[in-house]
Each structure stands twice: as structure tokens, then as C-alpha cells.
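Quick mapping for you: the protein sequence lines, in order, are chains B and Y.
Numbered continuously in UniProt numbering, the first sequence closes out at residue 320.
Numbered continuously in UniProt numbering, the second sequence closes out at residue 320.
Since the hints were derived computationally from the structure, they do not count as laboratory data.
Warning: the hint list may mix true and false statements.
One copy or two, it doesn't matter: identical chains are merged, so the pair holds either way.
Within a straight-line C-alpha distance of at most 27 Å, the following computed DSSO-like cross-link-like pairs (lysine-lysine) qualify [unchecked claim]: (1) K278 / K262; (2) K317 / K96; (3) K158 / K317.
Just so we're clear, the structure is a prediction, and the values are computed from it rather than from any experiment.
Number of protein chains: 2
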Amino acid sequence: MNVSVLGCGRWGTFLAWYANRVDHNVMLWGRENSRNFNGLNLTRKNDYLSLPDGIELTSSLEGALSFAEVIIISISAQELRTFANRLSQYDEIHGKTFILCMKGIESTTGKRLTQVFREEVGKNSNVAVWVGPGHVQDFIRNIPNCMVIGSENIEVTKQIAKAFNSELIRFYYGQDLIGNEIGAATKNVMGIAAGMLDGLKYSSLKGSLMARGTREISRLIRAMGGNDLTIYGLSHLGDYEATLFSAHSHNRKFGQAFVEGKPFDKLAEGVSTIKALKELSEQYNVELPICNALFEILYEHKNAKDTLEELILRPIKFEF
Amino acid sequence: MNVSVLGCGRWGTFLAWYANRVDHNVMLWGRENSRNFNGLNLTRKNDYLSLPDGIELTSSLEGALSFAEVIIISISAQELRTFANRLSQYDEIHGKTFILCMKGIESTTGKRLTQVFREEVGKNSNVAVWVGPGHVQDFIRNIPNCMVIGSENIEVTKQIAKAFNSELIRFYYGQDLIGNEIGAATKNVMGIAAGMLDGLKYSSLKGSLMARGTREISRLIRAMGGNDLTIYGLSHLGDYEATLFSAHSHNRKFGQAFVEGKPFDKLAEGVSTIKALKELSEQYNVELPICNALFEILYEHKNAKDTLEELILRPIKFEF
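Here chain B stands alone, though its shape is the one from the complex (with noise of 0.2 Å):
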């Protein structure tokens, strides 16, 4: 199959690699002149991994989009909905299916990244999101891992999950899109508050963290239409070794920095989550004490010990 990634930073280039890996022929997209594309474009590899021969690296969008019936998008969230209106303006995306392997909610409005792609793509072509656990460093190292493949039509997610599945990365089908997107998006919350209680010392409340995290995304997830449990599964609790304990998450390392007045420089995407959330609570009237908790620190400028140890010795009270 000819499959075309569009966005060359660090998970866009693996996901080019892994791609190539399983057997497709394989087309890697980058803005001409992205410092991104540039190293790739002079030595054929990055910080984490080389790009095998069988790869062409290209900057026409046209190229890419012609030569591809199956389409990975790894941008930044908050860019998609430019991104896809761009898209849209080219013929070749007609009948194509795009899937979406990034994480976030669209910071000024709340939507979903696939609602998004389709407000701005319309209905003719397919879009799916690849979400869950793994890390470039840990799949370039031959670890293997469970991902997840969320589309509105099971067929296109049968047809994704066969195209894509290999001892690496063993796919589940997502029965639950709207689970999925939001579950995926708020992990990286969870990471930031991971990294705060981090950088307080406070490593041994990420239990608890992890139980009333989950908790208060699943009843948004229930509000906005999707499934309770789905937070429960790969796309969010699954994605908490990666996120809320690894050393290489940007998330995790974001809110550690921030609590210790360092600097960092890296995209924690779960930063404009943040600020989505505050929106969809709003919106759809569920209390979301953490996510509000992170934004009050993030934004509004509170003591991020204070919040947080406030947040956590609340009154004695019952559980669920």
C-alpha cells in the first residue's frame, strides 16, 4: 500500500519508519525549510532513528497527497484545523483515508481533532485516530506494544488496524471515537499533573492521581455521548506508564520544570488541553477538579503546591 505521513517531527518520522517497516511504500511530507525537515533532508536521520533508504522525503503536499491512499497526519493539534483547510483545497484527497496520530482538543473551541478535520475536509474522505501507549525510543529498540485504531466506520477501522498490525504494534479496534479522542488528549493533562507532583516530591500521590484523573475525565467522556469505561483502556489509562512515569514524556517533563522554575522547550501539547477542557466543562456543565486545578495554576497563575495539595486533602468523603 502507498502510504504518505505528512509531519516530520519525532512521531511523524517513526510513524514514516514503522510504516515502512510493515511493508508499505512509504512517502515522509515536511514545510520545506521546518528545521525538522532540513536535518532530515541532510542526513536521513534525527535524534532518534535513520530513515531507511525506502523512504522519500518530500515537501510538495500535492506529491504526497497523489501518491497515497492512506494518509497519517502528525502535526501539532492546535495547527490541524490550518492545516486541514489546506488540505481541502487539493483534489487528490477525494476518497482517501487520513488517520490522525496526534493528541489534543482544539484549545478555542473544544472539538474533537476529527471534528475538526471533517468541518474543514467535509465527507468525502475517511478519518480515524492511532492513539495509545509507546514511545519512539522503546519501539525503535524492538519493544512492542498495544495501540488503538478509533474511526467513525468499523470497516475503515479493520481495514487500518490490518494494514498497520505487526509483532511491534498490536492494534485494538476503538469502539468508541469520541472515548478515544478525549481519552487520548487528557492523558497529556494527567501527565503535566504527574510531572508537578514530581517536581513536589510528591511522586506517591500519582496513585491517586491516576484514580480521580480517570474518574473525572470519564464523566465528561459520558457527557459528551461516549462510553465510561473507555477512559479505562489503552487510548488514556493504557498510556499512563508512557505519560505519567516515563522518563521521556514531554508532558510529564513539562510539569516537573514548571513547578521547579526551569525552563523547557519542548511541546507540551497538553498545555492547550488544558485550556479545552475548561471549555468542554463548561459547555457541557461536568466539574472537572484536576483539569481545573492545572488550569488555575497554568493560566491564572496559583501556587501550584497550594492547588495541588488542596486539591488532594480534600474533606474525608465517599469515593464514587
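Go by the hints and put chain Y onto chain B.
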């Protein structure tokens, strides 16, 4: 309030220390000539803490029972039946409240610890469980956590939570005794699985383990008459940080040592729980793939790496 703690291992000794800290009069009982009791008797400290002067150490069971209104039991779960039978021979137990601070299921019968206690002691005493996350090593360094009190009687639950609540341990009221007991016991089982993954250099699979482990135990609890969400609360998921990720966890360390072929001399309660789960899986006709794989590894000498890989990397399928 007068409180006795029966059992002077790591956790029992901590509970005596904690009960003293929250201003109760405390008696700590241990078996005469046991290693832990002798050590405390000689030095008034163990590897973790020093006993404050206010705590009376005794080897008289009758004395400890007659002294207190609330009696905490912290011994090996598999010894509870014999011990409870011994308690039943004292008139001093009537009308008192017993709190079981241990995590296990009777391996030969699949019975929960409050069931075992009731069968031996009868209905004339109250019985509750105190479960949830928290390591002695963290508490004595003043790092707080949230825990759960559960019983068949909400008034008893509330009294205990009120008597022991503090800034160091914030209590929630358990609402599902079956779920809290099974959840607390089985988190040790997932701890052993996590240790095996760590030992096999598959730590990043602990995310999938969390998602799928909670799922199968949730099905069991539901079959047993409990609530299928309880597993995602403090008694199980909330204890995953301490059990699946902490360097202090005996069960995690046991699993790691097992696959590395190294000796390990501490009690790993999860080993007996795995046997109990085999029993419960048959009694309630619920498939428990992870627990069963661990049973095969520990009791039927199947290869850990092959068995766990096969478990994780099963064919593509629906997640729920």
C-alpha cells in the same frame, strides 16, 4: 481512643506509629520470640521507624484485646483464619471494631478476608478494611496520601475514617466492600506482573497491563456482586503507583527477581492471591487471562517471557 495493633511487621508497626500520631492510646502486639517483636522489644525501632514512647509493646493477646475499642490486624493474609479462630476464643472481642489492614484472598477457598474473619469470629464484632496506596517510607517522611475505609456498615466506616483521618492520610468512604477487598488483593498480582515486565525489559508494557489488568478484575468483581467501577478507585488503580512503579513494592520486586532468576526472601502476598484467583475464576466462570498466565508461570513453571509475550501480543481484537 484506645487502639491495639495486632502484628508488628513493617505495616503493623507503621499503623501503631500512625495511630499514636493521631492521638490515640496505642498498644502494639507481636508474637513472643518472633523476629520483629524481639527486635522492637530490644531497640524500639525497625528498619523504617522508631516507636514513640507512648506506644506500649506487648506479647499478651488478651491484654491487647481488652485494652482497646478498635483493634487493627496486620498479619499475613493466609494466616488470618487461624489467627481469627484464636481471637474468637476471647470474650474481650465482643462489641469491638476490627480493622483488617492486609491485602489478600484466602488461597484455598477464594474467600475475602472479611468473610474469613466473620466465619471464625461471628457477628458480635464489627469488621472493616483499610486499604489503598501509601508506603511506610513515604509516610514517615511526611508525604501524604489518600486511603479507603470499607465495611458492611456505613456508620462503622464513618467512625473509623473520622478517628484516623489526618493531614497525612486522607480517608475516603468505601462503597463496595467486595470491590475494595478484591481490588486491594489483586493489585499485588498486577504488581508481580509489572515486576516480571520490568525484569524482561518490557517496562513500557505496564501501560497495557494497567488497562487490561483492571478490566479483567472489574469483570470478576461484577460477577461476585460488586460494582465494576470500584477497581478504578483508590483500593486498586490508586495503588498502582505504589505497586507497579515503586522501588519499595515487594510484589513488583518479587516478579522482577523471579524472571531474573534471583533469590527474594520477602513476603509477596500476590503469589497466594494468584492461586485464590484461579479458584474464583472457576467459581464465577470469569476468564482472567493475566491472572491465569501468572498462575501458569508461578505454579506450572511455564516460561515467563513466552507466556507474557503471547498474552500481550494476541491477535487484533475489540478492546471491550
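ask   = Looking back at the numbered hints, which does the structure fail to meet, lowest number first?
value = Result: no hint breaks.
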